[in-house]
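Undergrad: Read top to bottom, the protein sequences are chains S and D. Position 148 (the first sequence) corresponds to 148 in this note's numbering; numbering is contiguous. Position 303 (the second sequence) corresponds to 303 in this note's numbering; numbering is contiguous.
Simulated from the structure, these hints should not be mistaken for laboratory data. Warning: the hint list may mix true and false statements.
Just some of the chain S residues that point at chain D, by a computed CB distance under 10 Å [said to hold, decoys possible]:
{"id": "1", "residue": "V277"}
{"id": "2", "residue": "R291"}
{"id": "3", "residue": "V292"}
{"id": "4", "residue": "G298"}
{"id": "5", "residue": "C300"}
{"id": "6", "residue": "D333"}
{"id": "7", "residue": "S336"}
Glycine is no exception: its CB is placed at the ideal position from the N, C-alpha and C atoms.
2 protein chains.
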Amino acid sequence: MTSPDLSTDAAAAALAGIGREPDIDVRDAHARVWWSVLAEPGDGAAGDLVSRFGAEDALRIALSDADDEWSSARARWMPRADPGSIRHALDTARRAGATLLIPSDSRWPHRLDDLGAHTPHVLWVRGDLEWLEASPTVAIVGARAATPYGEAVAADLAAELAASGVIVVSGAAYGIDGAAHRAALTTDGRTVAFLAGGVDRAYPRGHEALLSRIAASGAVISETPCGAAPTKWRFLSRNRLIAALADAVVIVEAGHRSGSLNTAAHAAQLGRALGAVPGPVTSAASAGSHRVLREFDGVCVTSAADVREMLGDAVTHGRQEGTRTDDTTRLLDALSARVGRDTEDVARRAGFAYADAQALLGLAELEGRVARGADGLWRSARRSE
Amino acid sequence: MTSPDLSTDAAAAALAGIGREPDIDVRDAHARVWWSVLAEPGDGAAGDLVSRFGAEDALRIALSDADDEWSSARARWMPRADPGSIRHALDTARRAGATLLIPSDSRWPHRLDDLGAHTPHVLWVRGDLEWLEASPTVAIVGARAATPYGEAVAADLAAELAASGVIVVSGAAYGIDGAAHRAALTTDGRTVAFLAGGVDRAYPRGHEALLSRIAASGAVISETPCGAAPTKWRFLSRNRLIAALADAVVIVEAGHRSGSLNTAAHAAQLGRALGAVPGPVTSAASAGSHRVLREFDGVCVTSAADVREMLGDAVTHGRQEGTRTDDTTRLLDALSARVGRDTEDVARRAGFAYADAQALLGLAELEGRVARGADGLWRSARRSE
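With the rest of the complex left out, here is chain S:
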């Protein structure tokens, strides 16, 4: 193939008419669009190369005929290195009115950066994401073959959380995903759908209208180029984006080998708060949820309040971590927002001497991190309510 023209002029021309931030780095964006076509989602070698050399230089290395550590990856990238494919992807995006986001953009969702070398090269978005970064997010996902019980619980959780400003993230599938998106929309809450294929293609087809409604107030997002078909691999890769964008992941119903368990595994790996809604042990549709409780030590979620507690924990333990000492972390780990505990119990759980626990609890109380109830017992302060 001809080496691609990665000049500023070529990049600006290629991206003309594509929705994007006005001050986008067009050369980086152009190279990244190439990457999104060359490499499958989650291609670690591609991610590694881009993070080490930047998208442009990485692309030059990828498309060279060097005999180096990238040779085997190059063998899978080269067949796709066709300027026609890039043009086609961009033309399709233009027609679909999809917006291009790259990691340096102000609206890029930085939760995704936790994916490291598996961070997407670009995102294609139908809708907007301006409100996303500052909002708590919960992924509500589950089986396509959901029961009325599961859909009802998913809808109740999504409606109650969305109504209080939590962004509901899901995968737009039939069953649990659809119930969660739909319920969020009924409360005028925002919801985000991650697709496995291009955002120009409604998948499943029966959710075309739902996806348009999601895009109107929230966002439909994919890392795959417009025109790309949703493959099994892309579904699994898409699940890592759902997990990464969420402060907390809740599996509502899932079969024993459901794809939702893959989302749960990503959530666990990323350190996201992870929970599952239990159901009858006699219901096959809850077998995967119970696996999340057993095998991933997931939180048993019975209500929106339980999810809010997870979000509080997620915010406290994850995103605000920098502001806390290790001792405070151990102290707060030993406390619950629901169950009151006496000082002795807290000391034992946290592994502090009684006097140290007493002193730390006093400090934490002054900081509003913990509260002592009328019963004399300590509870962690709820952050998200």
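Position chain D relative to chain S; hints supplied.
TA: Leaving out everything else, chain D in the frame of chain S:
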């Protein structure tokens, strides 16, 4: 009152005709019967006094008019220090054919010793306990107001576990308890019922025939004297015995404020394996089970295999603890019998350097504690299967 005659002759006369081990220490047994009448179950002052001075001398101190640290406890013991009450309790036991057990007896269930100062002074038993000490035990308890779902799950668990030699322990109440006992009996398994009142009184009355069947192959046990009524306090105290006798405690269905949560709390405090059967979040009868999963970090129990895994863990982690190093404990804590984990994952979970984890896994493999599957992943060996 007259000071009680605690001589060997008086003791032998008092206990004449009472079922007991032939070589029982009659003076200790006689004094302990006094204690079981004087003090309510779980009276820590009584337990403390007996463990410090032995039952006989403790009784002399209790019934003296000294002005010492026991004065306030003495005020609650004295009104019951009536030789007529002791005689009545023993006469009732004789008529009921109840057997007396004291901690020095060979058939005393030593799991109860974990209760420390709250170990019962005596046990009254209808049936036998010879088979108990060597068998794995599981408590299956739950709400009286159970649903057909809960009773069916309790029965399935109890039948499958009892059929494989696990002793099913419960509280003989209507609902979950009754379903568990009944199912264990149908498989010719042994089952143990702890009563809050005397073993001579069937409680609930409707379970009189069931209690007789339990006693015929298993045992009906109480720490309260024959003739004692089941009071609310005695129910709560009884729950600690159920928890202490069990290697694993499983809550099947329980309301939000069910007494079963009290059993769960005792299990947690005693370090017993603790689990709960989930149900629909829309079912009030499962609210307590879900609290066990959330607030006590209980294991999500969906099948008898899950309980067997808990028993394996209980046996490994609890009763054989003396034979293990701390490092092995941490290593085994990082492993699951169900989910395979690679060395890196095990190292991370256990907080070991990779090389240390590798070495410890190798040792543990030689000892048969862990196994490496064909997939190259480590699993803990199942002890109970």
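Undergrad: The structure should be examined with respect to each hint, and the outcome stated for every one.
TA: Tested hints:
1. V277: holds (6 Å)
2. R291: Holds, about 9 Å.
3. V292: Where the cut-off is 10 Å and the nearest Cβ of chain D is about 9 Å from V292(S), the hint holds.
4. G298: At about 8 Å, which falls below the 10 Å cut-off, the nearest Cβ of chain D leaves the hint on G298(S) intact, so it holds.
5. C300: holds (4 Å)
6. D333: For D333(S), the interface hint is violated, since the closest Cβ of chain D sits about 12 Å away, which is over 10 Å.
7. S336: holds (7 Å)
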